[in-house]
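Number of protein chains: 2
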Amino acid sequence: MSADLAIIAGKGALPELLLDAAPGAVVVRLRGVPIGFTPEQVIDARFERLGALFDTMHQTGITHVCFAGGMHRPDLDRAAMDEATAGLMPRLTAAMAGGDDHLLREIIAVFEEQGFGVLGAHDIRPDLVAGPGLAIGDTDQALYNDEARGKAILDALGPLDVGQAVVVAGGHCLGVEALPGTDRLLEFVRDTRRGSGGVLIKRSKPGQDLRIDMPAIGPATIRLAAAAGLEGVAVEGGCVLLLDRDGIIAALDDTGLALWSSP
Amino acid sequence: MSADLAIIAGKGALPELLLDAAPGAVVVRLRGVPIGFTPEQVIDARFERLGALFDTMHQTGITHVCFAGGMHRPDLDRAAMDEATAGLMPRLTAAMAGGDDHLLREIIAVFEEQGFGVLGAHDIRPDLVAGPGLAIGDTDQALYNDEARGKAILDALGPLDVGQAVVVAGGHCLGVEALPGTDRLLEFVRDTRRGSGGVLIKRSKPGQDLRIDMPAIGPATIRLAAAAGLEGVAVEGGCVLLLDRDGIIAALDDTGLALWSSP
Chain A
92 MSADLAIIAG KGALPELLLD AAPGAVVVRL RGVPIGFTPE QVIDARFERL GALFDTMHQT
152 GITHVCFAGG MHRPDLDRAA MDEATAGLMP RLTAAMAGGD DHLLREIIAV FEEQGFGVLG
212 AHDIRPDLVA GPGLAIGDTD QALYNDEARG KAILDALGPL DVGQAVVVAG GHCLGVEALP
272 GTDRLLEFVR DTRRGSGGVL IKRSKPGQDL RIDMPAIGPA TIRLAAAAGL EGVAVEGGCV
332 LLLDRDGIIA ALDDTGLALW SSP
Chain B
92 MSADLAIIAG KGALPELLLD AAPGAVVVRL RGVPIGFTPE QVIDARFERL GALFDTMHQT
152 GITHVCFAGG MHRPDLDRAA MDEATAGLMP RLTAAMAGGD DHLLREIIAV FEEQGFGVLG
212 AHDIRPDLVA GPGLAIGDTD QALYNDEARG KAILDALGPL DVGQAVVVAG GHCLGVEALP
272 GTDRLLEFVR DTRRGSGGVL IKRSKPGQDL RIDMPAIGPA TIRLAAAAGL EGVAVEGGCV
332 LLLDRDGIIA ALDDTGLALW SSP
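Protein sequences appear in the order of chains A and B.
Going by this note's numbering, the first sequence opens with residue 92, and the numbers climb by one from there.
Going by this note's numbering, the second sequence opens with residue 92, and the numbers climb by one from there.
Think of the hints as simulated: they come from the structure by calculation, not from any bench.
Glycine included, every Cβ here is placed at the ideal spot set by N, Cα and C.
Keep in mind that the hints are not guaranteed to be accurate.
[Unchecked claim] Computed footprint of chain B on chain A, listed as stretches where at least three residues anywhere in the stretch have a Cβ under 8 Å from a Cβ of chain B: (1) 240-249; (2) 265-272; (3) 283-294.
[What the hints assert, rightly or not] Listed below are several chain A residues computed to face chain B (Cβ distance under 10 Å; list not exhaustive): (4) HIS163; (5) ARG164; (6) ASP166; (7) MET187; (8) ASP191; (9) ASN236; (10) VAL257; (11) VAL258; (12) ALA260; (13) ARG275; (14) GLU278; (15) PHE279.
Assemble the whole structure, with the sequences as input and the hints as a guide.
Encoded structure:
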């Protein structure tokens, strides 16, 4: 086995989409994080044994890593930790208390200290990123007004590292994304709202390092937004991944929702 | 029928609690807003016929009104509107676009212009308000840290008129109250979270006029918070109503949750 790039695989479609563009890459499969495909080159690893992972990656010739896909915070087994992981725990625990962004920045720092360059998914697949001119379907001023209010809410929450998405309809905030993520937010709106209309606003957090946890939407996002009675999805141009663009367009066609980007 | 005070009844226990302290008051029962008790003096009214309501209140000798209990935004029947309501619609619609607080302030202004003084529930029942020294049950620094993070989130959202409550556990924001309210927030956390611990933080919005929609908790809030795995409820001293204090204490006893106030 030999590779320059290691794709550290989380959930969802992204790891395989990256592998399509970098077929020589090795996939790091972490215990407890199921992946839905069978890569040719695999390193099986555990959060508790980062020292072993670093060694294997160096021996394989890895120079760069890319974190791809969602990952829950694992329940770590302290008894199984190697020295490297145990040594990092105080740092990671401290970072965790500061919120997701702090933790992810610390993880990037750890890999960089080990000599690995950290790439974002957008570095490997720039074609997946929503461009600045994205505009599919019909919009109107009411939707833009809802988007503007959603942006203001996300801007206020950004420094607090709370969420990347919010639902606004007719000026009312129907839900704010928190730890459980965008799908749970949309299900909440679907189950609690009266009436219909409104927009899902999904953006990066101000100052977010897009190399980990870049916001992403897929066809399921569009269909859930439609099930929640929304009329549109507004993303930040250049900062949100469209996972399965064809599927997204088909979902927009089916549901009549609009999708657009703005700065 | 003759009275000084009209209690404009929304949902929940508050209207009856106010009537206990002001037994001579008349209760305004709005079509579409069910109340669970039978007052001696009632004015039946509709949102669409505010002119008729103002006339009846003046004839009854009403000098003050108190809005009590939650109220959904009604679906208004334009064909049924009297002149006064129709004349107010542009103002109320414009206020609505600015969020709940704007709308409620506008409603207060409308009643004041009609010559009615607007009282808060806390003016009639100061004994219902959580005092500055409230402290029931066991707390620790971790809970206070979660409370501090929740306060920071609510402070950031305050100017945007989004919500009065947030759930934080171990530094993570598990949910933010939006239009559907605190119960729906707690159910969301109950249904989506992993693990347990954490705090419901419930406070007034900065600059909120406490005469309408003062934050309130009751025994059901405590039990839902427990079902969501939380360990405590932190309220703002002087700004949150405790509806059924005995029931709240019994719920705290049953669940082991802590309840405290802070400035």
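Structure-based check of each hint:
1. 240-249: Coverage by chain B holds here, the residue count being 5 at a Cβ distance below 8 Å.
2. 265-272: Answer holds; 6 residues pass the 8 Å Cβ test.
3. 283-294: Held - the region 283-294 of chain A has 3 residues with a Cβ nearer than 8 Å to chain B, which meets the minimum of three.
4. HIS163: Where the cut-off is 10 Å and the nearest Cβ of chain B is about 7 Å from HIS163 (chain A), the hint holds.
5. ARG164: holds, 9 Å
6. ASP166: holds, 9 Å
7. MET187: With a minimum Cβ separation of about 7 Å from chain B (threshold 10 Å), the hint on MET187 (chain A) holds.
8. ASP191: holds, 8 Å
9. ASN236: holds, 8 Å
10. VAL257: This hint holds: VAL257 (chain A) lies near chain B, its Cβ roughly 8 Å from the closest one there, short of 10 Å.
11. VAL258: holds, 8 Å
12. ALA260: holds, 9 Å
13. ARG275: holds, 5 Å
14. GLU278: holds, 9 Å
15. PHE279: holds, 5 Å
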